[in-house]
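Chain order of the listed sequences is U and E.
The first sequence begins at 27 in our numbering and counts up one residue at a time.
The second sequence begins at 27 in our numbering and counts up one residue at a time.
Mixed in with the good hints, there may be bad ones.
One copy or two, it doesn't matter: identical chains are merged, so the pair holds either way.
Derived BS3-like pairs: lysine-lysine, alpha-carbon spacing no greater than 25 Å straight-line [as the list claims (entries may be wrong)]:
| # | residue 1 | residue 2 |
| --- | --- | --- |
| 1 | Lys518 | Lys345 |
| 2 | Lys649 | Lys639 |
| 3 | Lys218 | Lys643 |
| 4 | Lys518 | Lys507 |
| 5 | Lys639 | Lys218 |
| 6 | Lys649 | Lys584 |
| 7 | Lys639 | Lys518 |
| 8 | Lys218 | Lys61 |
| 9 | Lys649 | Lys61 |
Don't read these hints as lab results, they were simulated from the structure.
Predicted model, so just to flag it, every value in this text is computed and none were measured.
Residues per chain are reported as follows:
2 protein chains.
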Amino acid sequence: MSTNALIPTLFGVVGLIAAMIIYQRVRRYPTGDAKVAEIGDQIHLGAMVFMRREYTMLAWFCLVLVVLLWYFLGYKTALSFIAGAVASAAAGLIGMRTATRANVRTTVAAHNEGRDEALAVAFFGGSIMGLAVASLGLLGLGTLYLFFGGDPETAHSIHGFGMGASSVALFSRVGGGIFTKSADIGADLVGKVEAGIPEDDPRNPGVIADNVGDNVGDVAGMGSDIFESYCGSMIASIAIASTMVIDVMDPLGERTALMFLPLALASTGLVCSIIGIVLVRAFAAREPGLALRIGTIGSAVIFIALAFVVIQWVEVSYKIWLAVLAGAIGGIVIGLVTEYYTSSGPVERIARAGETGPATVIITGFAKGMESVTIPVLTLCVIITVSSLLAGLYGVGLAAVGMLATVGMTMAIDAYGPVADNAGGIAEMSGLGEETRAITDSLDEVGNTTAAIGKGFAIGAAALAALAIIAAYVETISAAKPDFVLAISDPKVLVGLFIGGILPFLIASLTMTAVGDAAYEMINEIRRQFREIPGLLEGRAKPDTARCVDIATAAAIKRMIPPGVIAVAVPWVVGFGIGPETLGGVLAGALLGCVLLALTMANAGGAWDNAKKFVEKGNLGGKGTDTHAATVVGDTVGDPFKDTSGPSMNILINVMALVSLVIAPLLA
Amino acid sequence: MSTNALIPTLFGVVGLIAAMIIYQRVRRYPTGDAKVAEIGDQIHLGAMVFMRREYTMLAWFCLVLVVLLWYFLGYKTALSFIAGAVASAAAGLIGMRTATRANVRTTVAAHNEGRDEALAVAFFGGSIMGLAVASLGLLGLGTLYLFFGGDPETAHSIHGFGMGASSVALFSRVGGGIFTKSADIGADLVGKVEAGIPEDDPRNPGVIADNVGDNVGDVAGMGSDIFESYCGSMIASIAIASTMVIDVMDPLGERTALMFLPLALASTGLVCSIIGIVLVRAFAAREPGLALRIGTIGSAVIFIALAFVVIQWVEVSYKIWLAVLAGAIGGIVIGLVTEYYTSSGPVERIARAGETGPATVIITGFAKGMESVTIPVLTLCVIITVSSLLAGLYGVGLAAVGMLATVGMTMAIDAYGPVADNAGGIAEMSGLGEETRAITDSLDEVGNTTAAIGKGFAIGAAALAALAIIAAYVETISAAKPDFVLAISDPKVLVGLFIGGILPFLIASLTMTAVGDAAYEMINEIRRQFREIPGLLEGRAKPDTARCVDIATAAAIKRMIPPGVIAVAVPWVVGFGIGPETLGGVLAGALLGCVLLALTMANAGGAWDNAKKFVEKGNLGGKGTDTHAATVVGDTVGDPFKDTSGPSMNILINVMALVSLVIAPLLA
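The following block holds chain U by itself, in its conformation from the complex:
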């Protein structure tokens, strides 16, 4: 088995090389004339300025945690934490850098060569992010496992990797989410509604910030988010395997094999993702939506088949394969439900509610969002039941691994969306004409649907990963305190459940308020520029776009701190201040609240967005009607729902669960 242990690291390196090759291919595409290149550079620079300031702030925060971890848990955990934080930050940076390179090239390809090449560039841009996430996760965890995994004494320190990754992810998600939505709302409300100029119009001072936001929120934020779910599911499974009681009569397999399996499956998944990316390229000449679907489903099917081979090879029970299968299928079901709620039936219903004004749009959308939790959560229940019947809590962990194994592919599609979106913005800003814009719009539309599926998938995966981590937390404490039980009728646990339930609501409130406040500043600044810069609206003067990027950056950096600190601090405070039982309750309550709010917010937000688009296509009277205005209100409310507060939920629960798992030995 000892030589096998090199596999994850090696596969991680292979994945990174593949990502680099694709990056070279993207770079070879032309960046167009000076004007296009200049806009591309502005977006690129804006994004990099934000990332630098965000990561500087993060570095200080991580430093505090590193000191705490070193002091309480030793240098190995601290080292793992640093590795996780660096890997997460690197994944975000790589994805963002390539996305901001790919967007201009997509625009130019759409202009010069047509849809097929444009799709290829945009998708390649996204797939670099996908491969970076998967490879860095494997490389980091695989290497730590190589050094620390063999000895039970040091195996615990690997959890630091997850905590580092999730701490960075939390800040990236929250900060990026605040940035992108304050810029979006500000630019739209003043530009489209008040000044009456089109979206992405170069006269709008907020338009560069809006495009920067797509990158820092939807690319870097999403990347860090999925990265930590991906690593979290593996860490949890390894942790459960290292402490679980193995049934002598009907063993699932040897402990070392069970511990190694998550990494082996993830390595397999990375290969399948590369195959999926090749498939998309091969079918790019056909319909774009079809190509993306073939890539996603193809990689998932190949993974399920190869997973069976891997399970035979490491000699563990076939039951584990069934658990993996349950996770993989469950992820697809949850994604499809998300697709349903953000398309056709519910969307048209919300749009029609616009005929009686914005209030009914909000009521209907919110009701649909709340309804949409039903099937995904029941699907999670089925996955939990099936996988735990087959292989106990370890089965739940492996179901999460199964759901996330082909993350390279799903993430590629997620990151493709903002690249296509940006390409459209650049086409508009540099005046490349109707035809180019039509191509980028068609790519963007496909991206919106796949992004909705990706979001549902991310929530399901995060929930399952968190659950596995919580199970690992309980196992870790039980290993030291055999009578440790999280009984709901124990007031200590019950109080924890309630405290945990508060957290998602409080964090959602903080992030929504942050977007509202930052958007308010942005609105005032854009209004000021329209008022004070002579000739701006007539196109004779240039807006001060950098000032808007600055405002969004400052607001995001300042306001990401309170939610971040709460998420990281609560497990320490509750764990040491009250006790591990209450902390267990907190995790369960927070998990429940996070899943429910995340689904409600993502689906309501997506449905409002598409209801507006439905009207804009000419339905129910089309643009300019009262019905359209009503759906615009819904879309604006949905913005922080789906892109700030909702996505923060995934990470909130994972960061809390991972911090708890890391400090569990101290609490036991």
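Once you have looked at the hints, place chain E on chain U.
For chain E alone, coordinates are given in the frame of chain U:
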């Protein structure tokens, strides 16, 4: 002790006699001229038509449950169920009948005699409801306890009373909530916004339905709601006392004394409520808000003092008094937090968000609503911790009893609000002039604040009562299965937790959709009447108000069924289909979700309502501005939040908990 057991029944009778005396006093006030009396009769008849149809539907539903209970649990439980259902329905009917009598008389008193007399009539109208709730609860439970309480074999059948009460309450709350908000939204959107006529204008076809709605939703619905929390807290405490293990070294008291105590405290609370009502009457000549506060706080303080005497008298530990105290104080704290979020700071902030349009009003209000869960839920945590440290789960039950003991007084103030609101409507419709309207408006404003406090209080009490009932459920099953543990790490419990979490979201979605759809029908009907009835807008023709009452009635009756059936059926399906562990998880998950959503919705809704009123008082530009229009959108979204979906949460969890407690012996 055997003679003491007569006390609750006797006190119940005394309370009913007091209610009847007050009713005679209200009846003595004049009903004014023919026009006023006619409008009053229309409202009264509309309300009675709705109640008859609602109760007919309910009767069929209850019949099915009675048959099931008789078959599975014997005639005693079935009999208790019938008693509970009848008592709950009677409380609703009595309250509604007197409220619809008191409203006309309040208008006339305001017109003829001024504010003090108007306050007296309105408050008397509400206090009949308050006393009816408290007295019927005591009478019903006390009598059942007298017959079944002494024998452990039959004591369980008393739970049927709570199940009957809560089943009726669920339908009343949901049906009443759908009725009132569809009428309100419909009448406002077409009348105020489209036709530009004032609120409660007699030309508006929906105006009678709107006023009927205040009665069936806010009086009858609220009455049944509080009634079942009140009975639920007593039933749970009796159940816990009957099964708890009594510490021989440090006993809390004799089992019979512990079982009797909740009824004794409630009897004391009823006396204190009567004192509180007398206090309000005595101070009515002073400022109305002051009089109501003196009544509420006075009765609470006297109750706390007398509770100490009662606890000495039945010879149980003083620790129990401290638990009662924790509950009583906690209820006040939660009420005050609600008052804060629906006044001053948050409200002005939401109103100011209206300057950037309706979307920011919704975002800010929703953020404030989510933030508002923090302190109330932490308060619940403190109550749970303190009371369970003092007296175990029994302490939690007694804290709930302590919070609800003076329900006669708090309910009186809750029911006063809609009476004052209706009086204003009648004054407007019958054209009694500015001065009368000013008086009724001032009474209404006081009612709004107290209603907000009452709502917070109702949520806290319902949560604590539900918790006690869930504890009783666990105890009942544990008594038969000593190894019964609700461990969160058990996949069976965990799956239950998730399923339970879905329910509040699903029920909230169903009820919100119901309001949206019913309001849509109402809007179309009112538009049709304005279009098709010649001379209606000029005041030369009469609107067909009965048709609007019909539409709201039909919609409410039809749409209250799915949420009602789900709430009652889920415990049976999960309990028998999966098992008692999963059902325990469902209850915990639903409790958490219900409390969080109920607080969010009640406070966001109240804050939006008051933000609109804040602008209407002339702030930020006042009526007719874009800011005002934006806050009207917030208010309309808040309507189903605070008066339909939010309040349904309290009963949802209580009805599920009580059904589970009733079927617990079958599951064990």
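Results of checking the hints against the structure:
{"no.": "1", "hint": "Lys518 with Lys345", "result": "between (36 Å within a copy, 19 Å between copies)"}
{"no.": "2", "hint": "Lys649 with Lys639", "result": "within (9 Å within a copy, 32 Å between copies)"}
{"no.": "3", "hint": "Lys218 with Lys643", "result": "within (16 Å within a copy, 32 Å between copies)"}
{"no.": "4", "hint": "Lys518 with Lys507", "result": "both (16 Å within a copy, 23 Å between copies)"}
{"no.": "5", "hint": "Lys639 with Lys218", "result": "within (14 Å within a copy, 30 Å between copies)"}
{"no.": "6", "hint": "Lys649 with Lys584", "result": "neither (37 Å within a copy, 36 Å between copies)"}
{"no.": "7", "hint": "Lys639 with Lys518", "result": "neither (49 Å within a copy, 43 Å between copies)"}
{"no.": "8", "hint": "Lys218 with Lys61", "result": "within (23 Å within a copy, 52 Å between copies)"}
{"no.": "9", "hint": "Lys649 with Lys61", "result": "neither (30 Å within a copy, 48 Å between copies)"}
The structure is inconsistent with the numbered hints 6, 7, 9, although it conforms to all the rest.
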